[in-house]
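Work out the full structure: start from the sequences and follow the hints.
There are 2 protein chains.
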Amino acid sequence: MKVTINDVAKHAGVSMKTVSRVINKEPSVRKKTYDLVMQAVKELDYQPNTAARNLAGTSSFAIGLVYDNPNAYYVIDMQNGVLSRCKDEGYELVIHPCCAQDPDMHKEIATMIQRSRLAGLVLTPPLSEQQDIINMLDELGVAYVRLLSGQNEAAPNDPDDAPEIKNNNCIYVDDYAAAYEITVHLINLGHKTIAFACGDAEHKSTTERLAGYQQALKDHDLSINNELIYEGTYSFESGVKGAKALLKDNNAAKITAILGGNDEIAAGALFASRLMNIAIPEQLSISGFEDSPFSRQTWPKLTTAHQANSVISEHAARLLFSKTRGSRKQDKDIITTFTPTIVVRESTGPAPV
Amino acid sequence: MKVTINDVAKHAGVSMKTVSRVINKEPSVRKKTYDLVMQAVKELDYQPNTAARNLAGTSSFAIGLVYDNPNAYYVIDMQNGVLSRCKDEGYELVIHPCCAQDPDMHKEIATMIQRSRLAGLVLTPPLSEQQDIINMLDELGVAYVRLLSGQNEAAPNDPDDAPEIKNNNCIYVDDYAAAYEITVHLINLGHKTIAFACGDAEHKSTTERLAGYQQALKDHDLSINNELIYEGTYSFESGVKGAKALLKDNNAAKITAILGGNDEIAAGALFASRLMNIAIPEQLSISGFEDSPFSRQTWPKLTTAHQANSVISEHAARLLFSKTRGSRKQDKDIITTFTPTIVVRESTGPAPV
DNA sequence: AGTTAAAATGACAACGCTGTCAAACTGCAT
DNA sequence: ATGCAGTTTGACAGCGTTGTCATTTTAACT
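Going down the list, the sequences are from chains A and B.
Residue numbers for the first sequence follow UniProt numbering, so the first one is 1 and each next one is one higher.
Residue numbers for the second sequence follow UniProt numbering, so the first one is 1 and each next one is one higher.
Keep in mind that the hints are not guaranteed to be accurate.
For chains that are exact copies, the list does not tell them apart, and a pair is met inside one copy or across any two.
Restricting the straight-line Cα-Cα distance to at most 30 Å, the calculated cross-link-like pairs of lysine-lysine (DSBU-like) are [said to hold, decoys possible]:
| no. | residue 1 | residue 2 |
| --- | --- | --- |
| 1 | 244 | 32 |
| 2 | 323 | 244 |
| 3 | 301 | 254 |
| 4 | 254 | 218 |
| 5 | 192 | 87 |
| 6 | 192 | 244 |
These aren't lab readings, by the way, just hints derived from the structure by calculation.
Right, dumping it as C-alpha cells:
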C-alpha cells in the first residue's frame, strides 16, 4: 500500500539517495539513471512523504501566505496565484488569515513559521508594511516577499558594482501611477471638482493613491481641496458613507466625480448616489480600483484600474522560490513592479455642463 | 534557537515521552507533572515540530479542504470556518482548489492525501457529490466529511438499536426548505407567475432548490410551467442571460418575480432588469440564495436565504475531527442539517396589480 | 595504457517526534 | 508490613527522507 523511497530504490536497482536526487531534480544524475528511477516511480506510483522530507531536509516544502484583508476576491486571487506556483514547485501552501491590529501578530506568525518550518512567506498589505513583522522575519532568517504599494525605490544605480540591490524581496504595485491615470481620465472628461473617498489610512496604498490623485490635479492646474477628501476604510459601507458625506452639503453641486479608494468603495458610492437620486454617470462620475469581478457587476459597471492580483501573487511566489531552494534557476522573468491599467466602463462620463 | 522536546524534558526533569503526552493532551498525566511540563514549555517557548509529529505519529496534523467553486465569498467563508477549528485543534489546513470536471480528479486528490498524509478531508459541493471521489476515499480509508444539499435521509428510526446511522459523515444544507420558504414569501406577496433561474444542473443544490420552489407552487395551487424555468449556471452572467430570456417574450407581462439560483444569479437578473428598464421591486421581484455580502451591495438589496457558510464549514470540521483523533470527545453539539432562513430586503415586494 | 580530476553513486547517520512495552510508582485492602 | 491492581512514567526503536562524506565510475588528459 505505502510505497517508500526504499521500495523505489530496490525496484530500480539504485540507492535510496539516488532516488532522492531524482525526485529533487538535483543536477548530478545521469540521464540513464534518471529515466530508470522515474520509471520505477511511475510503476510503483510512489508519492514522496512530505513530512519526512520536511523533517530530514534543511527547510520544509511549504510556504505561508499571510493576509488581513476583508476582500474575498483579493484573497482568493492571491491564494490562487501563489498556489499555482506551489503546485509547479511541489510545495504546500499554509494560509494564515490574521488581524493586523493584534499587537502580538509577529509572535503568532513566528509560531506558525517555526511549527511548520516554513521555507518562506508571502506578505500582503497591510501586514507587509509592518516593521515589527519584518524585523521578526529578519531575525528568524526566513525568506519572505512583501507585496507593497509604490515603486521600487532601490533604483539600480550601479548595476555592475552592486548587483544585489536592497529591497529585492518586494513586489510593487504602482498605485500612485494608477491613481494619476484615473484622475487624468476624469480631468480629460472635463471634471474639475473631483473628490476622493480614501481607504484605510494605515495602508500605504491609500497614501499612494491619494498622492497620485493630487499630483494629477496639480499637473492640470486644479486646486487640491481637503474638503474633497473623505477618510474612510476599504469597504462598501465606507463608500456609502463617504459619498453621502461628500455630496450632502453645498458641495453637491460642485463635485462631479468621485474616485473610490477601491472597487468596494466605488460600489458603495454608487449605492449612495442611487439613494440620493443622482444619475451615474450623467450627473456624477465614479471610479474604483482593482478591477475585481465586483466592478463588473454593479450598475453601471465601474471604470477602474485593472490589477491582476493572481498574476502579481504568482510573481511574488516566483520571487520567493528564487530565494529559497538555493535559487536553482535565475528566473529573470520575475516582474517586480506592476502598474495597473485603466479600464473605462460606464460609471464615468463627461462632466455635466 | 531551536527548542526540541528533549530540551523541554530536561528542563522539566521528565522524559521526552511525558512531554509528548502533555502536548498531546493524553489523559494519563498527573496534574502536577502536567503543570511542570507546561511551565517548561512556556519558559523555553517550545514549538512542536509539525513535520516530526506527522512523521512519527499514526496520522498527520493536517486536514484538507477541497473545492471547485467560482464564488470567492463562499470559498473564503468555508476556509475561515474550517480554519478556526483547525486552530483550536492545532491542525494545519491544506487547501485544494480544483476542477470537478477533470476526470482524473480523484487521482489528484489521492495524491494530495498521500503526500501530506492528511488526517481527513472536507469536501464541498459539487465535489462532495461525485461518487468516484467518495469511492477513492473509502478505499484509502481516509476520514472525510461531505457538505451536501438536502436533508439527512438516514432518519434515526432505531436510535437504540442502531446508534451508528449511515451517512454520518455528511453535513446538509436544506436548500429545498429554503427555496420553499422563499417561494411562499413571494406567493404571499401576491405573485402568481414566478420564474426560476437555475444554477448548474449538475449541482444537487439546483435540483433541491428547484424542487422546493415547485412544491411551494403546488401547495398553493399555482401551476408549474417549464417555460418559467431557465437552466443556467451559478454566475452573474447567467443571471443576466436568464432574466433576459425569461422576460423578453410575451412572458414579460406575466412574470412578476424571479427566483435566482443564488445571489450572483439574482444580481445578474437585477442588472438585466435595469437594462430593460424594469423597476425592482415595483414591476418585478427578485430574490437570491446564500446571503453573501454581495446581496447587501446591490441596488436594491437582495431578499435572500441566509446560509452561514463559515458556521456550516466549522461544523463540518468538528464532525471531521470527531472521527479523526480517536474521537477524543463526543462533541454532541455538532449540527448536521442547516436550514437557511429567509432575509427579506428590498428586492421583493407586492406583485403589481 | 596510465594518470588524474570530475562526475555519479552509495552507506549511514541524523531530523524531532510518537508508539510500544516494560518499569516504577501509587493507593488500598489485607 | 505485604501484595496487588491500577495508574503514571520512561527507554528505545522506528517513521521516510535528506545531508555528509566516502567510494566508485566516467571522462579527459598525458
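Here is what the structure says about each hint:
no. : hint       : result
1   : 244 to 32  : neither (72 Å within a copy, 62 Å between copies)
2   : 323 to 244 : neither (48 Å within a copy, 52 Å between copies)
3   : 301 to 254 : both (23 Å within a copy, 29 Å between copies)
4   : 254 to 218 : within (18 Å within a copy, 56 Å between copies)
5   : 192 to 87  : neither (49 Å within a copy, 52 Å between copies)
6   : 192 to 244 : within (19 Å within a copy, 38 Å between copies)
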